[in-house]
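Sequences listed follow chains A and B, in order.
The first sequence begins at 62 in the numbering used here and counts up one residue at a time.
The second sequence begins at 670 in the numbering used here and counts up one residue at a time.
Calculated directly from the structure, the hints in this document are not laboratory data.
Note that this is a predicted model, so its numbers are computed, not measured.
We put the CB at the ideal spot given by N, CA and C, even for glycine.
Warning: the hint list may mix true and false statements.
Claimed, not checked - Below 20 Å or equal to it, Euclidean Cα-Cα: the simulated SDA-like pairs (lysine to any residue) are:
id : chain 1 : residue 1 : chain 2 : residue 2
1  : B       : K946      : A       : Y94
2  : B       : K726      : A       : G172
3  : B       : K922      : B       : V756
Claimed, not checked - Take a look, some chain A residues computed to stay more than 12 Å from chain B by CB distance:
id : residue
4  : R135
5  : E142
6  : Q162
7  : Y186
8  : V310
9  : V318
10 : G324
11 : V325
12 : V330
13 : G332
14 : A342
15 : A344
Stated by the list, open to error - Derived contacts from chain B toward chain A, CB cut-off under 10 Å, selection only:
id : residue
16 : R782
17 : R894
18 : E951
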Amino acid sequence: MSIFLPVPSDAPAAPCTTPQAVALAFRDVTHSYGSRVALDSLNLEVAQGEVVALLGPNGAGKSTTISVLLGLVRPQQGRVEVLGSDPRRAVADGRVGAMLQSGSGIGLPPGVRVDQALHLVRRLYPRPAQLARIIERADIGALLRRRTDRLSGGQAQRVRFAIAIAGDPEVVFLDEPTSAMDVESRQFFWRMMRDFGNEGRTVLFATHHLTEADETADRVVVLNHGKVVADGPGATLKAAVATRRLRFVVDHPDRSVLDELDGVTEVEVCGSGVLIDSLDADATIRDLVGQGVPFRDLEVVGACLEQAFVELTSCLGGGNKGAIDDVAALSPRAGSPSAREMGGDRT
Amino acid sequence: MNAPDLSIAAPPPRASDDLEAQVHAAPAPGSGARASRLTPMLAFGRFELGRLLRSWKFLTITVGFPVIFYLLFLGDRPAGEVVDGNVTWRVYLMVSMCSFGALVAALNAGGSRLSIERASGWARQLRITPMPAWSYVGTKIATGMLVVLPVIVLVEIVGATFGGVSLSAASWVGLTVLLWATSVAFVVLGVFVGFMVSPEAAFPVVTGLMFLLGYFGGLFTPVDRMPGALQFLAHLTPSYHQVALALAAVGGKTLAPSDWFVLVGYVVVLGVAIVWKHRVEEARGLA
Chain A
62 MSIFLPVPSD APAAPCTTPQ AVALAFRDVT HSYGSRVALD SLNLEVAQGE
112 VVALLGPNGA GKSTTISVLL GLVRPQQGRV EVLGSDPRRA VADGRVGAML
162 QSGSGIGLPP GVRVDQALHL VRRLYPRPAQ LARIIERADI GALLRRRTDR
212 LSGGQAQRVR FAIAIAGDPE VVFLDEPTSA MDVESRQFFW RMMRDFGNEG
262 RTVLFATHHL TEADETADRV VVLNHGKVVA DGPGATLKAA VATRRLRFVV
312 DHPDRSVLDE LDGVTEVEVC GSGVLIDSLD ADATIRDLVG QGVPFRDLEV
362 VGACLEQAFV ELTSCLGGGN KGAIDDVAAL SPRAGSPSAR EMGGDRT
Chain B
670 MNAPDLSIAA PPPRASDDLE AQVHAAPAPG SGARASRLTP MLAFGRFELG
720 RLLRSWKFLT ITVGFPVIFY LLFLGDRPAG EVVDGNVTWR VYLMVSMCSF
770 GALVAALNAG GSRLSIERAS GWARQLRITP MPAWSYVGTK IATGMLVVLP
820 VIVLVEIVGA TFGGVSLSAA SWVGLTVLLW ATSVAFVVLG VFVGFMVSPE
870 AAFPVVTGLM FLLGYFGGLF TPVDRMPGAL QFLAHLTPSY HQVALALAAV
920 GGKTLAPSDW FVLVGYVVVL GVAIVWKHRV EEARGLA
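Using the sequences and the accompanying hints, generate a full structural model.
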């Protein structure tokens, strides 16, 4: 029971790579930690130059996906390829960079200056990026002489980003990179990420913020229970979960009026009961009043984006199917499988 | 931009840039593959060594403890008193303090520093660079060995100047090499603590080990002056066997295989434990 959001064929292609070249591929990858299943025959393919957000609640398998892509975890079943080779090979060849979730600390070596840490990491790669470029990209010029243990959370994340891109990698993985940041640093960080992705590099980042995923990624892959449950452009997904359902009663409902209301995507009429899906409930209600529709018993079902997203992923395990239907209804080619659909049920 | 050792836009070469140029220019044609694998490790080794030598805490502890203890214990007994069979107290104390210095340096080079950087995610960050996985531990052990050597030499200098120890040149060299080589057991122990113990517990554990292995190893008081039960414990410590080998070497006696056996045993068992811990973390997706 998965939903697919087809990716439009005019999805942004990498400017300097073959658009069809596959950067990352998961084929029926399964991995569990003891009895906890982290990846459940996951299928996923990411083209070179794509900026992909991996969205999902805690425990959905996002970190495991990234660990597998980095060769830190060897999956028990299935095949994983990074840039056409084994993940460990890609890492050993210096083609991959990553910003992992830091544990108890900031993920930087204590007792050294930022420039020293950066110098080291550059020397570990065969073809490091130019220092000036890294400094400019991550905006760490003012931090170079600072000691790593005296950075603020946002500054430390910028330095970690600099370290992730120091080897001039073709693919970059970021595991919840903004979790320790304030709003301002977050915005800056995502701008930085976008610029980096615009150079034709493949970027895969995990997040549980739908807005971040939508604003930054070309494509959003929703994971839950180690499976892909939705895959498509952020806007489509956002629209899907942003949907509000209006329910009200009106004597002699007039479909032609209801269909034309602001923000409406779908109308169902059953006797005097009306059910409207809207992308903008406020506008729809204003329009309802403006049109003089004599509605009563109005009820708006739905939630803020984040809650809607939680609903979307939590109900996919079974039970309530409402949210899935909403997404499917909004997907322009719902039900017709597209070539890009990688997730979901086994083939 | 005021960053002397980073050539951001300005071309003037600085010391570190020169070094970088050398490191990158080093591989001769034909040795390319090997050199490119060595370059990251050399860079990491240099980085680690620099980190240790810039740490005032580390330097104070590793230099201060053995030297101060040496000077404190010097007057404990008449310098010429024969202890532990047939060595004089002055030789026994110097060898013991060399061993203690090596122990302190090795435990502090690994220990809590390693534990902290593993917990913070830095060790993981290094694992996803092209540097091979084993070279993290390898470099830690190599840098541990490198900081142990000057401590041993320093204590020997104190022994030769204040401790009244005089040996032949060959004996000095032999003693130094033997003490240094056998210190690998302490270095591996330091790395072991860094792998096994949480950052909060690592410092007390290191301090505890320093004094437990120091005392029970007979570094502060000759083993034959200890009560019988403690003498038994002494035989379980690497310190005791290191000192036993060193004293035998100085006395021109044959080195007992049993001493080697215990020291090698420590290295093997602790080494296996480190590898095991790494595997477990890997299987859990933590490494």
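Exercise. Once the closest CB in chain B is found, is it more than 12 Å from Y186(A)?
Worked result: 6 Å, violated
Exercise. Would you say G332(A) is clear of chain B, with no C-beta pair closer than or equal to 12 Å?
Worked result: The claim stands: G332(A) keeps its Cβ more than 12 Å from every Cβ of chain B (closest is about 55 Å).
For this session: Please confirm whether V318(A) is truly not at the interface, meaning its C-beta sits more than 12 Å away from all C-beta atoms of chain B.
Result: 56 Å, holds
Problem set entry | Status of the stated non-contact between Q162(A) and chain B (beta carbon gap over 12 Å) | 7 Å, violated
Problem set entry | 12 Å cut-off, C-beta based - A342(A) kept clear of every residue in chain B | Non-interface label stands for A342(A): nearest chain B Cβ at 42 Å, farther than 12 Å.
For this session: Determine whether the non-interface label on A344(A) survives the test: each CB of chain B must be over 12 Å from its CB.
Result: At roughly 46 Å from the nearest Cβ of chain B, A344(A) sits farther out than 12 Å, so the non-interface label holds.
Exercise. Given the hinted pair K922(B) and V756(B), is their alpha-carbon gap at most 20 Å?
Worked result: 12 Å, holds
Exercise. Regarding the assertion that V330(A) does not contact chain B, is the least Cβ-Cβ distance greater than 12 Å?
Worked result: Holds, since 52 Å exceeds 12 Å.
Exercise. Does the interface hint hold: is R894(B) within less than 10 Å of chain A, judged Cβ to Cβ?
Worked result: This interface hint is violated because 41 Å lies over the 10 Å limit.
For this session: Could you check that no beta carbon of chain B comes within 12 Å of the beta carbon of V310(A)?
Result: Holds, since 53 Å exceeds 12 Å.
Exercise. When the nearest CB of chain A is found for R782(B), is that gap smaller than 10 Å?
Worked result: 8 Å, holds
Exercise. Once the closest CB in chain B is found, is it more than 12 Å from E142(A)?
Worked result: 17 Å, holds
Hint compliance for this structure: hints 4, 6, 7, 17 are not met, and every other hint is.
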